[in-house]
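Once you've looked at the hints, go ahead and assemble the two chains, each given alone in its own frame, into the complex.
Protein sequences, first through last, are from chains A and B.
Position 414 (the first sequence) corresponds to 414 in this note's numbering; numbering is contiguous.
Position 166 (the second sequence) corresponds to 1166 in this note's numbering; numbering is contiguous.
Read the hints as simulated data drawn from the structure, not as lab findings.
Predicted model, so just to flag it, every value in this text is computed and none were measured.
Glycine residues also receive a C-beta, built at the ideal position from the N, C-alpha and C atoms.
Some clues are possibly wrong.
[To be verified] A few chain B residues facing chain A, derived, Cβ under 8 Å:
(1) 1025
(2) 1026
(3) 1038
(4) 1047
(5) 1062
(6) 1066
(7) 1068
(8) 1085
(9) 1098
(10) 1102
(11) 1104
(12) 1119
[To be verified] Only pairs whose alpha carbons sit at most 25 Å apart, straight line, appear in this in silico SDA-like list of lysine to any residue:
(13) B:1088 with A:229
(14) B:1109 with A:541
(15) A:510 with A:481
(16) B:1134 with B:1189
(17) B:1109 with A:229
(18) B:1169 with A:321
(19) A:510 with A:341
(20) B:1109 with A:253
(21) A:43 with B:1189
(22) A:518 with A:550
(23) A:229 with B:1059
(24) B:1088 with A:341
(25) A:364 with B:1109
(26) B:1003 with A:180
(27) B:1175 with A:333
(28) B:1134 with A:565
(29) B:1109 with A:573
(30) A:303 with A:246
(31) A:43 with B:1059
(32) B:1109 with A:540
(33) B:1088 with A:321
(34) A:325 with A:310
(35) A:507 with A:479
(36) B:1160 with A:2
(37) B:1109 with A:369
(38) B:1174 with A:456
(39) B:1088 with A:251
(40) B:1003 with A:43
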Amino acid sequence: MQRHYLLGNEAIAHACLESGIDFASGYPGTPSSEVIDVLRVQKDPAYYVEWSVNEKVALENALAAAWCGIRAICTMKHVGLNVAADPLMTSAYTGVTGGLVIMSADDPFAHSSQNEQDTRCYAHFARLPCLDPAGVQEAHDMIRTAFEISEEFRLPVLFRPTTRICHSKGDVELGAVVPSTRKGEFHKDPRQYVVIPAHTRLLHKKLNEKQPALKKRLVERGLNHSTIKGKTAIIASGIGASYVQELLPPDVSFMKIGAYPIDEEWLGEFARKHEKILVIEELAPVVEEAVRQVAGCVPVFGKINGYAPYEGELSPAVVAAIMVKAGFLPENPFAAMEPVQNLPLRPPILCAGCHHRAAFYAIKKVFKESAIYPSDIGCYTLGLQLRAVDTTICMGASITVGSGIAHSGEPRDVVSTIGDSTFLHTGIQGLMNAVYNGANMTVVILDNRITAMTGHQPNPNTGVTATGVESPPVSLDAICRACGVTFVETVDPYDTTGMVRVLEAAKARKGVKVIIAKQMCVIVARRAGVKRGRYAVNPEICTGCGICVRFGCPAIEFADEKARINELCSGCAVCARLCPVGAISREAKK
Amino acid sequence: MTKSFDILIVGIGGQGTILASNILGEACLLEGRHVKGAETHGMAQRGGSVETHIRIDGQYGPLIVPGTADLLISFDLLEALRYSHFLKSGGTMVVNRHMVLPTSVFTQKSPVPTEDEIVAQLARFNPCLIDADKIAIEAGSSLSQNVVILGAASWSIPLKAASLLAAVKKLVPKKTVEINAKAFEMGRAFSRTR
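If we strip away everything but chain B, and leave its shape as in the complex, we get (with noise of 0.2 Å):
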């Protein structure tokens, strides 16, 4: 049995995650490999913290266990601190480098950490740190920032980039299509040159 490629995407209900599931599987068939994944739905998704498990070449369960992942993708900086044990020792980490703050900051007048802080926190994973924001603006739509993060992270995923730029372009909205190519191309050049 071929050894599984895990891949664990985390971030806040609403950002993309399950999108950015469906464009890895979907590469997955093109490629005519196996793939397994696990999402979060229901009441457990309304702005709360969600875990998007996808395991390429996976043949039976869909859950990741933690220390094990081999690349850990966040769209919000606190979740891949939260979700950071995940990663197996030389793991790779591509993180948003900006973090929405939990309303129950403000409502419980909860610590928070900053955003410097959190990124120190992380260093001893030397992760892609990327303003996903920025460069989805200049793609054309702030939309974009998960399909962003996806293209800097394909370098490290054993999947072609053709093969997941095909699978961006059939999944996104039609009317983003040409949006989503350069938001992708754009977060791959991104990351290239780290």
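Here chain A stands alone, though its shape is the one from the complex (with noise of 0.2 Å):
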């Protein structure tokens, strides 16, 4: 046995290699990403694995490949289930003959996400099994149990581990590593695979047929466990289960629940033996709900009655305020502790350099503040402190808020942006429905040629797939014109004055045109030993006036009434470019 200090996501993408898989998927969503990033980095692997376009691409594809009786593992966020919905629910009733598991990392206190939502639900909704794991080791080992679940009863299983699971590191005991050997073949089966109605009818009733064995065999293979031990009891689900642990009087019951569904007579026959209950999970009651419906006349603490918050993440000193007011504590063994106040923020911010400034930049000179920004899912969301983000719903939805601003009536210019990787996501559809009902409007794609905030995945603009074997990268330009757009113009975004030309053209014409804002990412570049030398303030010449300053790029300071250029300069030379009394110009090699 070998113990590595590991990321929970490191720790998932081995437990994939111990279980011998076959095909991997998935699109990049934090937190979810490093799965496939470990996964395509292994030296000449025996498995295939895909970065996919979008999640249902993704999902669609592992499935297919699940049906040929082989292991997939699909990958993606929680939002990005959303998307998957579809052939979810329908997977649901097919089933698969090869075991499918699909991860959808759940994001409490929304750190790097558009909402709140809940995987578990998911699952309730398709009527799939969902592994929930409260550790780092429990993630892992839960890997294995999921294929195996999913071979058993020809279900996809959902997994959803969270934030403080995928993002959280722990030592970790490690099995070996089993080589996929599997080959997919497909067996022809209508009655499974073509849901007209007269199959999906009988699909349907043997989907329902399965639950209760399934109830019974997660309670059997110990995924969901109890501990008797007083009179009062408290069932947690999730990294709210470790929480507990930390803080469980030893007079309390203990029940972990860690796969759902939840076999109701055996949770009835714990919660009959308790005079008080409290749950404890993140997110949705979905725990709560069960232990309502099999409770009697058992009080029940939690969200709903407003003992615990339905929004937000846990954590061990909320679990321990929790505990007090449900009466499971005496005390609270925390302090309540301020921070000190009125400190200057530290917000993420666009990086030095990055190219997705200059082009706001250039985009809020011709537009102005009274031009109308909707925007999407990516690093340039950051432009929300340029003041050059209106809204952010979705991905892909830059394209449409912006068409049905434009259609409502609404007078204003409206300028939408979008980054490469999600414009390939879901944006070409939204393009193509503004042409075709005659909005009015600019899109300006962000073409930083990779899915950078994630943490640079490779998409089908990139040129390589996702373990870096060169494809043909697709023509952005060519998939706006064949949506029927006839403005489409590319350029460079540290062109500041070019750039301002063409949105200017844009801004006089009617229709739907689109600016394609190419540029490498700023990280890349550096990564690929791109050297442009730093750039510095002439103290002489700056007038101090602000204008780079307010610029907002991170590599210029201000101080002593004068600009100036520290070391995080990348000598993208778009501040030589704004400053009017030409202060700024290519450092002097030393």
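Put into structure tokens, the structure is as follows:
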């Protein structure tokens, strides 16, 4: 046995290797991305691995692989499961012949997400089993169990770690890697794979018939377990169960829920042995609702009666406060601590030399404050700080929200911004729709040729696959033209003057106009060895006007009434173009 | 259950808090100890304030509760103040003597305390202040600042210095092993004479 200090996602990826997976697909999304990122860099893998263009595509690929009898994993973040919900719901009916594990990583507190939805609700909705780990070791161990349950019940299995598991670390005991050996073989069976009404009615019945045995098996496998210690009990799931264990008084019974659906008989038997029950879980009250259905007259404390919060994430301090309120702890072991107030904030910010900042600058220069700026999901959402982002709802919605506003009668200009990966994910349909229905709007594709925010994963625009094999890069220009856009211009966002000129031409025209602002991500460029040389401010010329400072680049500081460029400078030269007195120039070689 | 020794490492995205966490985790493995940790990834890390939790002998959750950290290591002076409420009464604080000004200070002209003002506010924690940049440059590279600070903190960490040094050597890029080993030793020597 070997022990390693690993990130939750690294441990999950290793468990996939130990399970002898044959197929992996996914779309990057925090906190799920590192699983495929680990799988794709293994040396000479015997399994197939891909970054797909979106989660629906990823799941359909993995489902088909599992129909061919092989073991497949498909990864995404919780909101990605919305995109994949269409195949998900019916995959429960068709089932699988090989093992299929769908990892959908939830993000309580929305550390890096647009909402706090709960994957367990999808599992309930689709009637699929869902495994819910409480820590890194358990997340690792559950992967093998998930494949076994999937194969036994011939159902896809959802696996829902949360941010505090994916991005926490622990000493993990790993097993031996099992090389992939299975070869896919598709056996034609229209009654399983062609869901016409006559077939699907029977498949629905079969799905429902699987439930009782499934519930029993999850208890038999030790995924749901309990210890009776006294007259009161805490029932907990996910990372919340770990926090409870830190605080649990010795005379309080404990039940750990690690898998759904929960066996009601088993749960009811436990509940009736106690005089009161507290439920601790993050996100939706999934366990609590199950407990309330079987608890009879035993009082239940949880979110529904206001003892625990619906929003945000749990922590030992939050759990302690809930336990005190519900009478499970005499007093809070943690003193309330106040952080020092009024310190300057240090929010995440676009990198020094990021070309999105340059593109936003040019856009604002032409379209001013009055225009409406729908945007999308990626690093460039940080354009909010530059007041260049007015809406963000979900992947691909910058263009559809833009056309909706344009058709609403709102007279101001609409300029949508969307990254290349997001455009390929779900942006194209919106563009086609906008052209088809005659919207008046400008779309700027912020093209850095990579999926940057989640850790620089390649996409069809990059020119390489997940494993680094060369592939033909798509032409964003050709896609836009094929959607019917006649004004499509590709510009270098570092060339502020050139980009402004093209934006002005777009502003003057009706219809849908697309500008592709193309430049390498500054981090990728640095790693690739691109050296542009730093810039410096000549303090004798600088008038201290602050134009470069307001540009907002972290490489530009201001002290003693003069601007100064620090060592973060990547040499993009945009500030030198903005300076009205020519005080900024390339640093002389030392 | 043994009580865990809880270390909070804070700084700015890109300063190497995650490498420092990996070094501590690896040293725990070398000594056969359990360890848990939590860190910041994704959008939240781009040049922003970041926190990394490490719980030596941790058995359950990865998070440290405010007011309970045994040791606070900060790679930036301002961030030390921002997270100072995590430190328990009598806990140890090891802090880089310098501050990177947040960009918000320039773009929004928000008021900012000076380095001396922050040092004065931190005085009640009796921090070990270290000019990590200067020592790192002496060791051979400004990039080894995180290892310098870890070396300075090593006296208060319940792990053998030899385990920490072995972990440093294992985890830093091969070309920089010598510089980082020196950085660790110099950081450690600095706080001994403090």
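Report task. Would you list, in rising numerical order, the hints stated earlier that this structure does not obey? Result -> 9, 12, 13, 17, 18, 19, 20, 21, 26, 27, 31, 39 and 40
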